[in-house]
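A.B. asks: Here's the letter readout for the chains.
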Amino acid sequence: MAEIAIKQVAKRFGGFTALHSIDLTIADQEFMVLLGASGCGKTTLLRIVAGLETPSQGEVWIGGRRVDHLPPRDRGIAMVFQNYAVFPHLTVFENIAFGLRMKKLPQQEVERRVTRTAELMHIEQLLKRYSGQLSGGQRQRVAVARALAMEPDVILMDEPLSNLDALLRLEMRAELKGVLAASKTTTIYVTHDQVEAMSLADRIAVMHQGRIVQAASPVEVYRNPAARFVGSFIGNPPMNCIPATKTGNGSWTVAGLTLPGPKSDKHRIEFAIRPEDVDAGDEGLHATVRVVEPLGPHTLVTCDVEGGLFRAILESSAAIAVGDHLRLAPKADRIRWFDPETTNAL
Amino acid sequence: MHGKALPYLLLMPATLFLCVFFLYPFALVAFEAFTRDGGFTLDNFRTMTGNWKFPVAFWNTILLAAIVVPIQLVMALLMATVVSRLETGRGAALYIFAIPLGISDLAAGLIWLAIFDQSGFLNTLLSNLGLVDRPVMFLGYQSKLTIFVAVVLAEIWRATAIMMVILVAGIGLIPREYHEAAEVFGASPWKRFVKITLPLLRPSLQTAIILRVILAFEVFAVVAALGGTNFPVLMGETYNWQFSLQDRNVAAAFALLILAISVGLTLFFLRVLRVPKEARI
Amino acid sequence: MSAVAEMPIAAPAARKAGNWLLVATVILLSVWVLLPIYLLMVNALSSPEEVTAFPKRFFPSFDFGSLSFFINFAGVGRALWNSVLVATLTMILSIGFGAPAGYALSRFDFPGKGTFRFLVLMTRAFPLPLLALPLAVMFIRTGLDDTAIGLALVHTTLALPFAVLITFSLFSGIPVELEEAAWTLGCTRLQAFRKVILPLALPGIAASAVFAFTISWNEVFAAAVLTIENRTLTAFLLQSLGESPLYLKFAGGAALVIPALIFIFAVRKYLFAMWGIANR
Ligand SMILES: Nc1ncnc2c1ncn2[C@@H]1O[C@H](COP(=O)(O)OP(=O)(O)OP(=O)(O)O)[C@@H](O)[C@H]1O
Ligand SMILES: [Mg+2]
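Residue numbers (the UniProt record's numbering), protein chains in the order written: chain A, 1 to 346; chain B, 1 to 281; chain C, 1 to 280.
Treat each hint with caution, since some may be false.
[Claimed, not checked] To spell it out: a stretch of chain B is covered by chain C in this simulated footprint if at least three of its residues, at any positions, have a beta carbon under 8 Å from a beta carbon of chain C; those stretches are:
no. : stretch
1   : 120-132
2   : 204-215
3   : 225-237
4   : 245-254
[Unchecked claim] Facing chain B, a subset of chain C residues (Cβ under 10 Å, in silico):
no. : residue
5   : G18
6   : W20
7   : V84
8   : L85
9   : A206
10  : V225
Don't read these hints as lab results, they were simulated from the structure. These numbers were taken from a predicted model, which means no experiment stands behind them. By construction, the Cβ of each residue, glycine as well, lies at the ideal position given by its N, Cα and C atoms.
Can you build the whole structure from these sequences, using the hints too?
C.D. replies: Below, the structure written as structure tokens:
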């Protein structure tokens with residue numbers, strides 16, 4: 001049982017606040033992905049959980065034990081580093097055995113665990129090699145094996161796939177998912193790649209400028225972004241956000257279309273919808289086509305609408321040309337509304 | 001991380017050591033230079049400058065530095081560029097060029113003594129070529145000029161390596177792309193050297209020059225081996241006053257003078273060869 | 001267009017000429033460095049009579065007369081021993097004090113770091129052998145005068161700044177993540193240092209130890225000022241310059257040079273790393 005609780009954790013570097021009071025709970029055996037743009041504080045948060053960085057304030061609990069005053073070795077964690085940190089002076093075998101030897105496990109047990117994790121990560125044939133004789137992908141496997149061999153309560157990973165080429169990344173992603181699910185450890189996984197996050201996570205915590213904006217399942221984060229940032233950061237192309245003007249109580253006009261919406265005393269709010277959630281028809285937002293990009297199964301159409309640009313992903317069968325006037329009908333259940341000041345969902 | 005005291009703990013031995021054996025002795029030198037029999041005085045400096053050997057030693061040292069350092073700079077640059085262009089045998093060339101770095105200045109003096117001595121190799125060569133019929137006395141007390149030349153050669157031979165190593169390290173820090181970019185724009189090798197290598201090498205040049213100039217004012221054993229007492233220099237006089245003349249205070253005055261020149265020149269070169277922070281690689 | 005057409009013809013010719021010039025320069029410079037050492041060795045490997053004879057031969061006769069005279073000369077054995085002793089002590093002291101400081105500089109950010117670096121770099125602007133003068137007095141008072149440890153302390157002030165800067169660059173070259181990985185795998189700070197950092201830094205530390213040894217081995221002024229009975233080889237040679245015969249000097253010179261050649265060879269890979277950091 002290793003639930004992780006991060007309570008009001010903040011981190012300041014001199015005058016710069018890297019994390020503002022983070023609260024996050026990760027259930028036992030949950031796969032949590034920290035997702036956010038570069039510099040938003042993902043690594044910092046992960047390192048605080050690992051004990052490699054001391055929080056300026058707040059508490060970290062792992063498995064019901066407060067750990068923020070403990071050194072990394074006493075936290076029951078294992079970590080996979082972005083550059084793998086495979087010890088160059090030790091063989092692959094000794095790398096994987098390193099933590100086990102620190103625990104003073106009997107030689108037999110060490111060998112058993114090393115062999116098992118090596119098989120799991122398909123590196124049995126590399127055990128005698130040194131780090132310098134391994135490819136990036138193989139080093140990555142060693143790093144994961146070394147963490148798994150510890151049979152930790154918690155595995156922490158900081159962009160473990162970011163140094164691999166695209167194909168290998170895809171392959172390793174699937175493999176990691178399987179291996180970690182089977183190992184039943186709680187996992188925190190840092191990435192700035194939204195596809196990776198979507199495919200791996202039980203839950204995604206989207207971070208922005210030192211805050212967690214939303215922590216929810218991948219589908220929830222995609223469908224119900226808690227703030228404009230989440231909508232625009234996740235999804236490619238990003239969610240459309242255009243201004244909506246009040247025309248009555250709970251009724252709003254968006255690009256020439258009047259829609260029912262939230263009751264608000266604001267005069268203007270933001271209307272948001274994913275590009276794939278509109279259909280071209282007789283009714284809908286008034287749009288003028290600017291760019292047409294056929295993508296095979298779909299066509300990405302970028303239009304001018306009142307108040308900004310609007311992207312739509314339409315059936316590729318529809319014959320659309322630059323300059324056409326379209327009516328784009330939003331699917332009613334996919335419409336989201338944001339407060340323009342706080343940028344939060346209404 | 002755990003325990004903010006750790007870095008201080010680690011630094012403590014070195015810091016204490018430098019305080020006791022570096023800062024404190026220099027305070028002591030200054031103190032001794034300005035006192036005699038317990039009272040403050042400038043007598044030590046008067047004795048120092050009043051001695052007939054002082055101006056000779058002073059100007060010898062300055063002249064030596066003024067001639068040796070520029071020649072070394074050019075040679076070190078030559079060595080460094082040549083080495084960085086070599087494709088094969090680079091390691092060997094570097095090792096050979098760096099050898100004098102590890103050789104004691106006394107040994108360097110003795111090495112050149114083997115050449116310039118009356119029964120040395122230079123005389124043998126000259127007589128083999130039929131240029132002289134009797135060995136020439138190069139290092140006698142009447143041949144100040146040849147002593148000077150011998151010391152200059154020995155100093156150049158000995159201490160170019162240190163500059164070369166600093167410059168090679170510096171050249172290694174300059175990204176190749178700059179040269180390639182300049183080459184694409186049609187700059188000749190010489191232009192590339194003058195317009196790219198030299199300016200970007202300025203921090204290393206600064207270090208090399210400062211270090212070398214300070215060493216030049218410490219010149220001692222080379223001169224002792226080649227010229228003996230026939231060629232006084234500041235450091236040699238310091239040694240003389242301490243030992244032969246048994247006057248610590250005047251020796252301290254000499255030390256303070258050398259120190260003042262060194263620090264002054266360091267500050268001078270720091271300023272003249274200053275590299276603005278924004279303009280660094 | 002024409003320039004493009006000419007290039008392939010002109011370039012190899014010019015390049016070839018350039019290569020010859022390069023090789024010639026390297027050979028010339030190598031001869032400049034090696035020839036004087038060779039000549040000293042010729043003297044050291046000739047009989048005393050040959051050394052003082054004129055004209056000389058440019059090849060050694062491999063007569064060990066000079067060397068055996070040198071070795072058996074009163075005081076030489078002692079001086080050699082003292083040199084080794086002082087250099088070893090210097091090596092231990094400067095690495096013992098310098099390596100922890102280098103590690104601290106490479107791994108921590110803390111107030112006072114800049115001051116310490118300044119203190120270390122400042123030693124470069126000072127003619128350190130002069131320290132021997134005031135220390136001579138201090139040592140007489142504390143009983144350290146004319147002892148190996150006393151001289152080693154002075155030599156350590158020469159070697160310590162190098163040790164600090166070299167180990168600093170060494171440790172900086174080892175990714176922090178390796179150490180952190182060791183911590184997460186169950187190591188204490190000390191264990192992580194011993195099991196991960198030390199094995200990786202050891203060759204470099206050894207090189208800087210050799211460098212410290214060389215600095216002490218070669219130092220003349222402080223050695224001559226601080227030792228009387230317990231003279232090191234350099235002090236011994238310096239003080240007998242006036243009276244000793246030529247073949248003794250040359251044999252002594254060779255005794256100084258040969259270890260130096262080996263030391264520099266041993267640390268050659270690290271020389272540039274050592275001095276590269278001098279630029280910062
Ligand atoms: N030791 C430090 N000193 C000062 N500022 C730091 C330090 N470590 C991190 N920061 C700052 O804290 C912020 C968050 O850094 P962090 O490394 O957590 O970002 P990240 O989300 O992991 O980014 P990336 O995706 O680029 O790895 C950044 O603005 C960074 O500049
Ligand atoms: Mg990061």
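A.B. asks: Tell me, in ascending order, the numbers of any earlier hints that this structure violates.
C.D. replies: 6, 7, 8 and 9
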